[in-house]
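Please arrange chain B on chain A, whose structure you already have, making use of the hints.
So the sequence lines, in the order shown, correspond to chains A and B.
Our numbering numbers the first residue of the first sequence as 1 and each following residue consecutively.
Our numbering numbers the first residue of the second sequence as 1 and each following residue consecutively.
A portion of the hints provided could be inaccurate.
Claimed, not checked - Not everything, but these chain A residues come out facing chain B in the computed CB check (under 7 angstroms): (1) Q90; (2) E295; (3) A339; (4) L384; (5) L387; (6) E406.
Honestly, the hints are just simulated from the structure, not real lab data.
Just so it is clear, CB atoms sit at the ideal spot from N, CA and C, and this is done for glycine as well.
Below are the chains, spelled out letter by letter.
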Amino acid sequence: MRRLALSAAALLLAGPAAAQTIAITGGTVYPVTGAPIPNGTVVIRDGRIVAVGAGVAIPAGAQRIDATGKWVTPGLFESSTNLGLTEVSQVDDTNDFRLNQSQEGGDQVAAAFNVSDGINPRSMVIPVTRIAGVTTAVSRPSGGLIAGQAIAIDLLGNRVEDMTIASPVAMFASLAENSRAAGNGARAGQTMRLREVLEDARAWARSREAFERGDTRDFSVSRLDLAALQPVLAGRLPLAVEVHRASDIQSVLRIGREYGLKLVIVGGTEAWMVADDLRRANVPVLVKVLANLPESFEVLGATYENAARLRRAGVQVAITSGETFKAYNIRQEAGNAVAYGLPWEEAFRAVTLAPAQIWGVADRYGSLEAGKVANVVVWSGDPLELLTRVEHVIIRGREVPLVSRETELRDRYRHLDQNRAYRP
Amino acid sequence: MRRAPYALVLAAAAACAQGQARPAATPPAAPPRPQAAPQPRAPAPFPSTYRPFPSTATLIRGGTVMTAAGQVIPNGQVLMVDGKIAAVGATVDAPAGVTVVDATGKYVTPGVIDTHSHLGVYPSPGVQAHSDGNEATSPNTAEVWAEHSVWPQDPGFIRALEGGVTTMQILPGSANLFGGRSVVLKNVPARTAQEMKFPGAPYGLKMACGENPKRVYGNRGGPSTRMGEIAADRQAWIRAQAYREKWDRWDREGRQADKMPDRDLELETLAGVLRGEILVHNHCYRADEMAQMMDMAREFGYRIRSFHHGVEAYKVRDLLARDSIAGSLWADWWGFKMEALDFTRANLALVFEAGARAIVHSDDPTGIQKLNQEAAKAVEAGREAGVTISENDALRWFTANPAWALGIDQWVGTLEPGKNADVVIWSGNPFSVYTRADRVYIDGALMFDRSDPRRRPRTDFEVGLFPAEAGR
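Bound conformation, chain A alone (with noise of 0.2 angstroms):
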């Protein structure tokens, strides 16, 4: 069993999509964008959704997933992940996730600096991931004021290429504490060095010609970081911005008015403060739901119920694990946001198409539609129970082996015998 596993992971990493066509029938389909349609069918051919609902007509020779009894929804969609990036928090040889620019004497700006080449589609962090249903990720750069510009995967390919949604789907900063090096050890410190860095790539544009004969002044960051924030400046990429503090995200909303920026807040942790600012300013929050302990100065007004609060407000919200290693556990963060006041259908779409309209893939991803890419999960009960079981993973309109490093070992060590530790 294993061995044949394994060999169909490897087919999966090796060859290019084969052509396919996949049938899930009899299961309770929540589309999200739509109520759910019980004994429903999802048609999938060619990577693509081409047809779901009642009564669909099976294409022949298609491949059936029986899905009778269980629940079939869009792949989870996880909006703030280091994957790919990492494979030991602590062995540095393997993070690629933070552009040393922060060292002393470091600009604190890697806005040129986009991970997609450090993502390795190897990593043994994104089978364990996938496995449990996050089937897209977005992963990110992290440190400094601006860490640089992240990218949507999804978790299935051989090279970043194929794992590809949108490179870069946006740009990560942080105005929180965990940058106060980059304004001197002042919030004003940080806001006056981020206005100083887009008041330098808005001028750098103004004069490049100049920049190039050596005409200009000089500028605070370097030339590659100037001009990577020209989409940002053009409110075309996203700027997303780990903020915490009520009067801190209100900060960055008001840099986001004075150069016209799209913004996304990351954290956010008493954004539920500030909840009618952000609905006014049209700007959503990746919220960690278990979050409810004052850490730090900057999370005091941390509470369970910041998604519920912020969507009664009428703020637009994903929500997140804020984790790498257990990215799996978005499910649970989802789970708890409906324990603390958000309703089921509102926490099941903070993890699958609110994160894809937030990152302007929402044409592709967050929901079972015709048309849309073939992320598809089959569980035996509702998503965010924790006792429910991950039964089938389809990622981009090919079913994923359930392996994974983690599931290897248990079996290796399923039983212990007099040849304990002497195995293939």
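Using the frame of chain A, we list chain B on its own:
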């Protein structure tokens, strides 16, 4: 208090049987006395001043009662009188005037117990001024006591209470080979750590092996290797053996004040382990290291009560079962360092199946609030691996089994007559993600009621600093 502290009971019993006892903490040097008058035994220092909060006789009825002792009683009843469980069953005889709590549709379980918390010693906010969990000045700080770092105003205690936690062990961190003494606390609002100390609970000794001590001390005089760590451990145990023998001899020879040996706080704790009075809680990730720790315990004649973290416990679960060592484990933490690489989500289930005591622990101020959810994840992972686990089995992972690991299972951990009335009423099945603790009783007193703002305690730290609706 209703019971004499556990350690004193042990000491008294030993004294009766063999005319000797552990050299309890001794008073400051007094003037020499005539040889006929032996040095009196000093009371244990820093005694618990815990008193149960006021309670009334209470009957919880209508809910599904999960006793953690094997019984699941649909539409069951739990009677609490004078802070104790008086009766549990389908119907019980309740005295007139008892307070009746309708738990229809809800679940009733013992209070949640965590064997591994740093609440109070690494409190919120986690500013440097509050960093009191690792006395990282020497690889052996067996002399420190966690209770001397505990800040009772840590808001994390209250959050844990709202997650159903009634008892927890506060441990020193894992920077040191010998991190110091742990303390077992009742999760009650208090001004002092003494007001939280679980009366009679034995002390624990936090030990650590593997990456942390060698990372912290590798460039500070060592140990810098795993073999160096074990050598340092063994040297300490050799000194502890000699220290114990010196005090035992003094005790045998009549406890003459002028011949009393010098006290040494470090060795007092280690000798307490050798006497079986202090329970060893051993931070250890890798299978091979756990086996080394077991052999070291055998060499010096002490017992390891529980391994903590044990990411590879499933590989040596037969050895844990053989030596009756509990595994205080996470449901799914991994990846943060090399010794946490070989995880499987089935770890808890496989350890359980092997007959060792499985415990789901937190080591985390958020995780401690949701130990029921952590257990649920581990149940599902176990079932995927083909392990048969009932909900009552899994309930024991965060009630009865941690009570045993902390040496307090005669008082808490199950819903059985005579035990302390530490009870949680859950809004639904505790293994559902949607379930929350509605009411939490400690020694029969209602400490938290989700529906009553007056029964939702706040710490001093939260006063005047927080937005009104924060923190829930």
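So, going through the hints one by one against the coordinates:
1. Q90: With a closest approach of 4 angstroms, the A:Q90 hint holds.
2. E295: Holds. Min distance 5 angstroms.
3. A339: Result: holds, 5 angstroms to nearest chain B Cβ.
4. L384: 6 angstroms, holds
5. L387: This interface hint holds because 5 angstroms falls under the 7 angstroms limit.
6. E406: 5 angstroms, holds
Consistency with the previously given hints is maintained throughout, with no hint failing.
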